[in-house]
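Based on the provided sequences and hints, a complete structural model is requested.
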Amino acid sequence: MNMKKTFVVVSLLLGMAALAAAQGGQVLLNAAGATFPYPIYSKWFDVYHTAHPNVQINYQSIGSGGGIRQLQAGTVDFGASDGPMSDEQLTASKFKILHFPTVLGADVPSYNISGVSGELNFTEKALAGIFLGTITKWNDPEITKANPGVNLPSADIVVIHRSDGSGTTYIWTDFLSKASDDWKNKVGKGTSVNWPVGLGGKGNEGVSGLVKQTPNSIGYIELVYAAQNGIAFGKVQNAAGKFIKADLASVTAAAAGAAKDMPADFRVSITNAPGAAAYPVSSFTWLLIPARIQDPAKRDAIKDFLKWMLTEGQKYNEGLTYAQLPKPVIEKELTAIALIQ
Amino acid sequence: MSAATTTMTREVPPKSGLRAFVDKLKGGDEIAHLITLTAAAGIILITSLLVLELWRTSQLSRAKFGWMFFWTKVWDANFDNFGAAPFIYGTLVTSAVALAIAVPLGLASAIFLSELAPRRLSDIVSFLIDLLAAVPSVIYGLLGIFIVVPLMRTTLGPALKKVLGFTPLFAGPNYGVGFLTAGIVLAIMVVPFIISVSREVLLSVPREQREAALAMGATRWEATWQVVVPWARTGIMGSVFLALARALGETMAVTMVIGNNPQISASLFAPGYTIASVIANEFTEATGDLYLSALIELGLVLFLMTFILNGLARILIVATERGGGRPA
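Heads up: the sequence lines are chains D and W, in that order.
All the letters of the first sequence, read from the start, carry residue numbers 1 to 341 under the working numbering.
All the letters of the second sequence, read from the start, carry residue numbers 1001 to 1328 under the working numbering.
Because the hints were derived from the structure by calculation, they are not lab data.
Some hints here could point you the wrong way.
[Said to hold, decoys possible] In the SDA-like style, the derived pairs of lysine to any residue whose C-alpha atoms are separated by at most 20 Å in a straight line are:
1) Lys-298(D) / Ile-337(D)
2) Lys-96(D) / Gly-1288(W)
3) Lys-184(D) / Val-1074(W)
4) Lys-184(D) / Phe-1079(W)
5) Lys-212(D) / Ser-114(D)
6) Lys-186(D) / Phe-1079(W)
7) Lys-186(D) / Asn-1081(W)
8) Lys-184(D) / Asn-1078(W)
9) Lys-186(D) / Val-1074(W)
10) Lys-245(D) / Gly-234(D)
11) Lys-186(D) / Thr-1072(W)
12) Lys-184(D) / Asp-1076(W)
13) Lys-186(D) / Leu-1151(W)
14) Lys-184(D) / Gly-1288(W)
15) Lys-184(D) / Asp-1080(W)
16) Lys-178(D) / Asn-1078(W)
17) Lys-186(D) / Asp-1080(W)
18) Lys-212(D) / Leu-1151(W)
19) Lys-96(D) / Asp-300(D)
20) Lys-1161(W) / Asp-156(D)
21) Lys-186(D) / Gly-1288(W)
22) Lys-186(D) / Thr-1154(W)
23) Lys-303(D) / Ile-340(D)
24) Lys-212(D) / Thr-1154(W)
25) Lys-1073(W) / Asn-194(D)
26) Lys-212(D) / Phe-1146(W)
27) Lys-327(D) / Tyr-316(D)
28) Lys-212(D) / Leu-1143(W)
29) Lys-94(D) / Asp-1289(W)
30) Lys-186(D) / Gly-1083(W)
31) Lys-178(D) / Phe-1079(W)
32) Lys-1073(W) / Pro-196(D)
33) Lys-1073(W) / Val-197(D)
Below, the structure is given as structure tokens:
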């Protein structure tokens, strides 16, 4: 009996303590979603918390799919996704959801060919053919014509792709869908697709590990991962016909090229973007914010964080090898913050 | 014990309900009964809730694909077409390869440790083996990627191809990752279970059994193989099924070395996929409702497979016990 009383008293005290903390202006925001931007997000949330000690943002990098689902179920305050939500997903949601681009990412082709050490050029047709399994040899004319002077062997190409569902795969397959109608109709784009050929590696580390070990292989990895681990990669031909090596500038250029006809809801694919300097396998990653937030403290905190992220926050991008958003996109987003009510 | 309790209650005057209950608990038997009953009921409850939840959440997929789910060979999230066949195949093949390697290896080690090795050496080695069983599976996966995969591609694979290349089992290109590599890594992972449990079982065979066999003029090996091992076979089989259960459900290490390609191929060099791996790989980014439901149904299928294999194991054990403890 005494035990019971103690328990009741203790839990009452705990409850009061929690209430007191809440009334002290503490705002706790829960978020979940994409893994690709997790390093920059955790940096942002940490720096923002230091500047605004009363706002604490917890982010679970459980993947874009999980982020979207948890947001729709109302278990998190906002979500994050590497691919924009589809029209069906948006209509299926009980409340309106806004997209805010945060940083840019890109995929690069990494390969391991016996006797070839230089940078290779890839046309979009070559990449689509390789990943569809219609181009099977490294000395296929579609590859050799873009690489004059390189002695490519007549070895079989081993394709390596991601085995786990991933935003990286979304960007890659989005690019291939634009590059080839065959790809679009037979395979399509998505975080995981039914690969016509190849081996699957788990995560960027799995793909790059398999590429490194398997002779005559090719795979795609995230630019951030390739840059941080010093992995060599090839150039990809862009919409203007130029072979571009992915770096922060060429990825931002792709976003700037697409900024001109940016839709009002920011759900835009920037693969194969126009512009001579644009890297074609680039993409935004988004925060998903409910358009209506009941709790005024949470609403103000989220709006303030978004403003901070678009201005101050962008300075932290390059240190972590994420490309900055182009100016016109930032301005457009700053006005869109007013839509959150 | 019960006689003592009755005399005690006779001497003590009757008490109120709660007091009597507490006194009863002091006996120890009731407490033990209650605790073990709760534990057992808890396990049954958790298992049934698990099945119920898997059944409920896989509703969409079950309604759409029905029994076809078991033999459809396509897994395509973009076109909402899902089938479990390549995953069931991959799970069974990798586990079979693992057991084919681990059972002889584990049993031989257990026999050496229990029958032939000096007791001190045996104790030290089995302590080390028990440690192996506690190594996280991702470590075995790394071991697979950095040691087994290159070995398979450069040495083991070509050698197997040279000798056995005429059979469909070892035909086709060898990438280093695939069913065989996954099976080998699984074998390394499960062999400690077989050794550890089998050694204990062999050690528990009564000394008289060995002595009797030796007195009859059997050699040491004959005594071991024809008397001790048959005596212990129920326990040895138990260790094998423990190993099988681990192999069926292993996720991380397998996905790192199997190639993750949902296809059914006779060649052990070919890349494949297992149920546990595909769930781990695709669950987080599964956005469509049907997609998620199909992944959960895969979980249900794995549960069912484990259930059936365990049932078969029980039948096998009962059947061999009926055969009596006679030497094989």
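Okay, the hints, checked on the actual structure:
Between the alpha carbons of Lys-298(D) and Ile-337(D) the distance comes to roughly 14 Å, so the proposed pair stays at or under 20 Å and holds. Restraint check for Lys-96(D) and Gly-1288(W): satisfied, since their Cα atoms lie roughly 19 Å apart, inside the 20 Å limit. Taken as a hint, the Lys-184(D) and Val-1074(W) pair is honoured in the structure, with Cα atoms around 18 Å apart against an allowance of 20 Å. A distance of roughly 12 Å separates the Cα atoms of Lys-184(D) and Phe-1079(W); the hinted pair therefore holds under the 20 Å criterion.
Proximity of Lys-212(D) to Ser-114(D) is assessed by CA-CA distance (about 11 Å); at most 20 Å being required, the pair is judged to hold. Distance check on the hinted pair: Lys-186(D) and Phe-1079(W) sit about 9 Å apart at the alpha-carbon level, within 20 Å; holds. For the hint linking Lys-186(D) to Asn-1081(W), the alpha-carbon distance of about 13 Å falls within 20 Å, and the restraint holds. For a cut-off of 20 Å, the pair hint linking Lys-184(D) to Asn-1078(W) stands: about 10 Å separates their Cα positions.
The suggested pairing of Lys-186(D) with Val-1074(W) holds, with an alpha-carbon distance near 13 Å, which does not exceed 20 Å. The straight-line distance between the Cα atoms of Lys-245(D) and Gly-234(D) is roughly 7 Å, inside the 20 Å bound, and the hint therefore holds. Note on Lys-186(D) and Thr-1072(W): the hinted pairing holds, with a Cα-Cα distance of about 18 Å set against a maximum of 20 Å. Taken as a hint, the Lys-184(D) and Asp-1076(W) pair is honoured in the structure, with Cα atoms around 14 Å apart against an allowance of 20 Å.
Simply put, Lys-186(D) and Leu-1151(W) have alpha-carbon atoms about 36 Å apart, too far for the 20 Å limit, and the pair is violated. Restraint check for Lys-184(D) and Gly-1288(W): the C-alpha separation of about 19 Å stays at or below 20 Å, so the hint holds. The straight-line distance between the Cα atoms of Lys-184(D) and Asp-1080(W) is roughly 15 Å, inside the 20 Å bound, and the hint therefore holds. A distance of roughly 16 Å separates the Cα atoms of Lys-178(D) and Asn-1078(W); the hinted pair therefore holds under the 20 Å criterion.
Distance check on the hinted pair: Lys-186(D) and Asp-1080(W) sit about 13 Å apart at the alpha-carbon level, within 20 Å; holds. With a CA separation close to 15 Å, the supplied pair Lys-212(D) and Leu-1151(W) stays within the 20 Å bound. Between Lys-96(D) and Asp-300(D) the CA atoms are separated by roughly 18 Å; this keeps the pair inside 20 Å, and the hint holds. With a C-alpha separation of about 19 Å, the suggested pair Lys-1161(W) and Asp-156(D) falls inside the 20 Å cut-off, and the hint holds.
Using a Cα cut-off of 20 Å, the hinted pair Lys-186(D) and Gly-1288(W) holds, with the two alpha carbons roughly 19 Å apart. The suggested pairing of Lys-186(D) with Thr-1154(W) is violated, with an alpha-carbon distance near 35 Å, which exceeds 20 Å. For a cut-off of 20 Å, the pair hint linking Lys-303(D) to Ile-340(D) stands: about 7 Å separates their Cα positions. At roughly 14 Å between alpha-carbon atoms, Lys-212(D) and Thr-1154(W) fall within 20 Å of each other, so this suggested pair holds.
Of the supplied pair hints, the one linking Lys-1073(W) and Asn-194(D) holds, its CA atoms being roughly 11 Å apart against a limit of 20 Å. A C-alpha spacing of about 11 Å is found between Lys-212(D) and Phe-1146(W), which places the hinted pair at or below 20 Å, so the restraint holds. For the hint linking Lys-327(D) to Tyr-316(D), the alpha-carbon distance of about 16 Å falls within 20 Å, and the restraint holds. Only pairs whose Cα atoms come within 20 Å are accepted, and Lys-212(D) paired with Leu-1143(W) is accepted, the gap being roughly 16 Å.
Pair hint Lys-94(D) plus Asp-1289(W) holds up; C-alpha atoms about 16 Å apart against a cutoff of 20 Å. With a CA separation close to 18 Å, the supplied pair Lys-186(D) and Gly-1083(W) stays within the 20 Å bound. The straight-line distance between the Cα atoms of Lys-178(D) and Phe-1079(W) is roughly 18 Å, inside the 20 Å bound, and the hint therefore holds. Only pairs whose Cα atoms come within 20 Å are accepted, and Lys-1073(W) paired with Pro-196(D) is accepted, the gap being roughly 13 Å.
Distance restraint check for Lys-1073(W) and Val-197(D): the Cα-Cα separation of roughly 15 Å lies within the 20 Å cut-off, and the hinted pair is therefore satisfied.
Going down the numbered hints, you'll see the structure goes against 13 and 22, while the others check out.
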